[in-house]
Structure formats: C-alpha cells, structure tokens
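*Asks:* Hey, can you piece these two chains together into the complex? The hints should help.
In case you want the letters, here they are:
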Amino acid sequence: MKQDFSFDETDLQIVAELRKNGRATNQQVAERLGLTATTVSSRIRRMEDADQLRVVAVSDFAAHGFDVLMQLAIEVDSRPASEVAHELAQFPEVFAVHIVTGRYDIDALIVLKDFEDMSHFLLDRLGSVRGIRSVSPSIAVDILRYQFDVAPIEGRA
Amino acid sequence: MANVVLDELDRQLIDLLASDARVSNRKIATKLGVTEGTVRGRIKRLQQDKLISFTAITGLQMARKSQLAFIYVQAEVERTREVARQLSEMAPINAVLVTMGRFNILAMTLFEELDELVEVASDKILAIPGVHHVETSIAVKTVKYNARVAKITEASAMDGNGDEDE
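Heads up: the sequence lines are chains G and E, in that order.
Here numbering that gives the first Met the number 0 is used: the first residue of the first sequence is 0, the next is one more, and so on.
Here numbering that gives the first Met the number 0 is used: the first residue of the second sequence is 0, the next is one more, and so on.
None of these hints come from the bench; they were simulated from the model.
Keep in mind that the hints are not guaranteed to be accurate.
[What the hints assert, rightly or not] Using 30 Å as the maximum straight-line C-alpha spacing, the simulated DSBU-like pairs for lysine-lysine come out as follows: (1) E:Lys123 / E:Lys64; (2) G:Lys112 / E:Lys143; (3) G:Lys19 / E:Lys64; (4) E:Lys123 / G:Lys112; (5) E:Lys123 / E:Lys140; (6) E:Lys143 / E:Lys49; (7) G:Lys112 / E:Lys49; (8) E:Lys64 / E:Lys30; (9) E:Lys26 / E:Lys43; (10) G:Lys19 / E:Lys30; (11) G:Lys19 / E:Lys143; (12) E:Lys143 / E:Lys64; (13) E:Lys30 / E:Lys43; (14) E:Lys49 / E:Lys64; (15) G:Lys19 / E:Lys123; (16) E:Lys26 / G:Lys19; (17) G:Lys19 / E:Lys49; (18) E:Lys30 / E:Lys49; (19) E:Lys64 / E:Lys140; (20) E:Lys140 / G:Lys112; (21) E:Lys43 / G:Lys112.
Here the structure is a predicted model, which is why all the values come from computation and not from measurement.
Only chain E is shown next, with the shape it has when bound in the complex (with noise of 0.2 Å):
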C-alpha cells in the first residue's frame, strides 16, 4: 500500500478515466501522444496493483437504495477482526472501516426503507457475539461526495474489470 510510485502518465491516465472510462484506447492515446499499446499496458498494470477499478455509478433515481446511514459499532476488541469480517460478508453493507475511536467499527449502508436498516443495525448487527453497542447516524443531506476516491478491496478489484480478453 505504501511507496506506491506514479508517474505523470499514470495521473493523466486516471484523470481521464475517472471522468469516464469508456473512452477507447485509441482515443486516450492520441490525447496523451502515446502509442495504444502504452495505454493498454498501463491500465493493466493500475487495475493488478488495485489502484484503479472501473465501474458504473448510478444516479440517486435510477437506485433502488439510496439513503445512507453510518452504523458505529462497538465490540470487544478481541473479536474486533471477526465482527469487522463478519459485517463485511452482509450484503447490504457497502463498506466497513476498523476504526480507533469512539467505536471500534464504522460500517456504511444504502438503505430504501427504514424498516431495511432497522432490520441491519438492530437484529442482525447486534446479535453477532462480541458487539455490545450499535449506534446509528441517518445522512440526511450530502453535501459532498466523491465517488470516484475510494478504497480497493478484493471485491471491487473483481468487479468490473473482466476485460481480460482485449
């Protein structure tokens, strides 16, 4: 995670496809005057090292979900690391922080009804063994978020990067 070492190309390179990712190889390579075979090489290379990951994001009427809440939770801190992995694997949890703090984890939900997110915090997050405490926070108004700065995991790395085949 660390020492991670990008040039200016790279940073080019994620700029562009951050603004939108479906623009051909070709296209990239005659704005940044280089050869497509560059890019192509290139974002391999981003998308093994996990440092980019492509996908679509969808507008607030086009999702089913979308409230957010932070659920805090506290759990012993011996079993932190198993409580933490155990939230991670629920499917309506979006993402799941260790944290030192006030809590021990803070977990990130997408939510329609509110009966959905009672139904996460208050039945299945507090019955895992080792949680003593589950606070819940609604996110009534965004005002900022970047959707295109986040944390790379196994999972998103999977995820929408199938073209293997190009």
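If we strip away everything but chain G, and leave its shape as in the complex, we get (with noise of 0.2 Å):
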C-alpha cells in the first residue's frame, strides 16, 4: 500500500459532491464549491491516481441476478487461514472474504442465484478447499441497509 497521501479538506468538499452525485460534470462541481474545472478535474484525478477515489456505478445483487445472500462463519483447521480465505476470494460467489478475531477464522460473504446454487457451492467449491473444518452458515431473509463507501481500492489495469 502506497503511504503518505496527502489531501486537503478541498479534496473532502469534492468526495463529497461526487457522494451526492456521482456523474455531476466537473464544471458543476466546480459552482457548488467555488472552484474552476480544471481543479476539480486535476484534484480528482490526483485522487483516482493514487488508487484513494473510484467513482462508480454500485449495482444491486439482483441486477446479476443474486437472490441469496449467505454469511459464513469459518474455522480453519491444520492450515494458515490467509491460504483458505486466498482459495475461498477465486470463487466467483464469494464477494467479500475477511480474515477475523473471535471464535471463526474467516468470515466470506457469498451471493447465490437461488437455493439450488447453495449445494453446488458447499459441495463442489467449499468442498474442494483443504483445510476448512466447520461452516456455520447464515442466510439474510432481509437487507435493511447496505452502505460501504470505504474500500480497499485496487489499482487500474
């Protein structure tokens, strides 16, 4: 992780202007917060070029057609946990793969087109990762909020 990026509180105006909306021109953003566009647009892409902004389209699980949203509680057993949680981050249901404090060792977030799906990801995917010793699952029948505008932000190919 690149250190020591600086930014400034003009920097924060901006992030937040684009929070409100994201495909505000720079020019538009630029009135709201009394600046030109040529600074928006350089401060901006200051920002995107040290992998700290993305301005992104967010879609829905069911846009890809995703149902079912699993949390799994993982313990790990006879093997370093970053091993399984890197084999567990290749499956394409797995969103999200975090390696945790407490009684689990690794916490996966899955998404799933439908229950059918759930037996081929335990049997065929989990089944296929060494190492994995127990899996309590737990299956969200409602979302009421969904919100992360922080993420560790990979770089641009």
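*Replies:* Written out as structure tokens, the structure is:
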C-alpha cells in the first residue's frame, strides 16, 4: 500500500459532492464549491491515480440475478487461514472474504442465484478447499441497510 | 426484487459505469454504438428500479474509519424486525442484515478506534430492548471485497443520484 497520500479539505469537499451526485460534471462540482473545473478535474485525477478514489456505479445483487445472500463463519484447521481465504476469494460467488478475530477464522459473504446453487457451492466449491473444519452459515432474509463508501481500491489495469 | 430482466445493453452499461461512473453519456453512446438518449434513458431506468446507484468510494488512506467489524446480535424473535430497524438508523452502522442462523441480525460497521466499536456494540446495541447477546468480530485482513455489488436500499438510492436536471 502506498503510504503518505496527503489530501486537504478541498479534496474532501469534492468527494462529498461526488457522493451526492457521482455523475455531476466537473463544472457543476466546481460551481458548487467555488472552484474552477480544471481544479476539480485535476484533483479528482490525482486521487484516482493514487488509488484513493473511484466514482462508480454500484449495482444491486438483483441486477446480477443474485437472490440469496449468505454469510459464512468458517473455522480453519491445520492450515494457515490466509491460504484458505485466498482460495475462497477465487470463487465467483464469494464477494467478500475477511480474516477475523474471535471464535471463527474467516468471514465470507456469498451470493447465489437460488437455493439450488447452494449444494453446488457447498459440495463442489467449499468441498474442494483443504483446511475448512466447519462452516456456520447465516442466510440473509432481509437487508435493511447496506452502504459502504470505503473500500480497499485496486489499481487500474 | 425477483424477475429482473436486463438485456445485453444494460449489462454493458453497468460494467462500464462500474469501472468509472464519470464517463459522459456521449462517450458511452459511442462505445456501445447507441444514441445518447438511449444511454440517458437506460441509466435513469436502472436508477429508478434501484438496480444501480452512483457513489464515490474512497481508499483506506483517505477514510477516517477504515476498520471493519462484524457485529452479531441475538434478539428476541418477535422483536427482531424492530431491533434491526433501530440498528439501521445508527450512524456508524454500514449494513444490517436480518438472518437465519446462529444470530438473528448481522451488522457491519467501520470504525477508527476500538472505543467506537465498544460504544456501538456493548453500549448502544446491547441496551436495545429485546437484545440478548452481542458478539463482535474484527476483520484484521481483507482478502477480497467487491464494493461494486451491494444491496441498494432506499437510503442509498437517494444518495448519489441527484442528476435529475440533465
């Protein structure tokens, strides 16, 4: 991770405007903040180039046909947890994997198209990963809030 | 929620906007070989159907709160919905899922100092009537996180989409 990225109040104001309307033009952002469009444009580019900002469309699980969201608390045995986590991260159904403190070692969030996909995921996917001692699933039956505007940002290809 | 029908153009549009939402309608139109009006109309429909929403994601160095914790809540079944609603209104909470499993509610929160997590989990949440037990688990390492797929709720749909004046 690149360290010592510095930013100021103006950068934060631009980010706040983009959170309100990610598709606002540089000119619109500039007018709201009393800046020039050039300043807005170059500051956005600087934050993007440092992998500290992405203005993106977030799509709903439903837009991808995912109807089932599950959280898996996983216990690992006889193998480093990060190795298991990296293997899990390869599966397309897995959209988040974290190494966590507490009773379990890994927390994974997975999405499936329907309940029929569950046996495939459990038997073929999880079944192929060595070192999983137990999986404790929770099925999401309702999502009241889901809003993350901070995330590790991968570099642009 | 079920029976969402998207065609190839919708999917291409979502892919393009997922990597950079600041591309102009004109550029998108040229790239996909359709008119600007089509692009504008499609984006509007996807937003109205809460299938996409636009946001600015900041990296960990720019974020004040960058530590993730999972908070598992055991609540009385009859009060689960009410407890979940109260959790979803707490400012530091980023996600609230009602679940079937070891716990009835899974909440996620971003924090900076451990004190903040303790305050939310052990003070505020535990004090809600109907909450029996709270467990927290801190994410010490993110191996994968796709911020571009999420559940678009009322609150997030209202955010970041103020481009009605186009």
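*Asks:* All hints, please: hold or fail.
*Replies:* Status of each hint after checking the structure:
no.	hint	verdict
1	E:Lys123 / E:Lys64	holds (19 Å)
2	G:Lys112 / E:Lys143	holds (20 Å)
3	G:Lys19 / E:Lys64	holds (19 Å)
4	E:Lys123 / G:Lys112	violated (35 Å)
5	E:Lys123 / E:Lys140	holds (26 Å)
6	E:Lys143 / E:Lys49	holds (25 Å)
7	G:Lys112 / E:Lys49	holds (18 Å)
8	E:Lys64 / E:Lys30	violated (37 Å)
9	E:Lys26 / E:Lys43	holds (17 Å)
10	G:Lys19 / E:Lys30	holds (26 Å)
11	G:Lys19 / E:Lys143	holds (26 Å)
12	E:Lys143 / E:Lys64	holds (18 Å)
13	E:Lys30 / E:Lys43	holds (19 Å)
14	E:Lys49 / E:Lys64	holds (27 Å)
15	G:Lys19 / E:Lys123	holds (29 Å)
16	E:Lys26 / G:Lys19	holds (22 Å)
17	G:Lys19 / E:Lys49	holds (16 Å)
18	E:Lys30 / E:Lys49	holds (24 Å)
19	E:Lys64 / E:Lys140	holds (15 Å)
20	E:Lys140 / G:Lys112	holds (27 Å)
21	E:Lys43 / G:Lys112	holds (25 Å)
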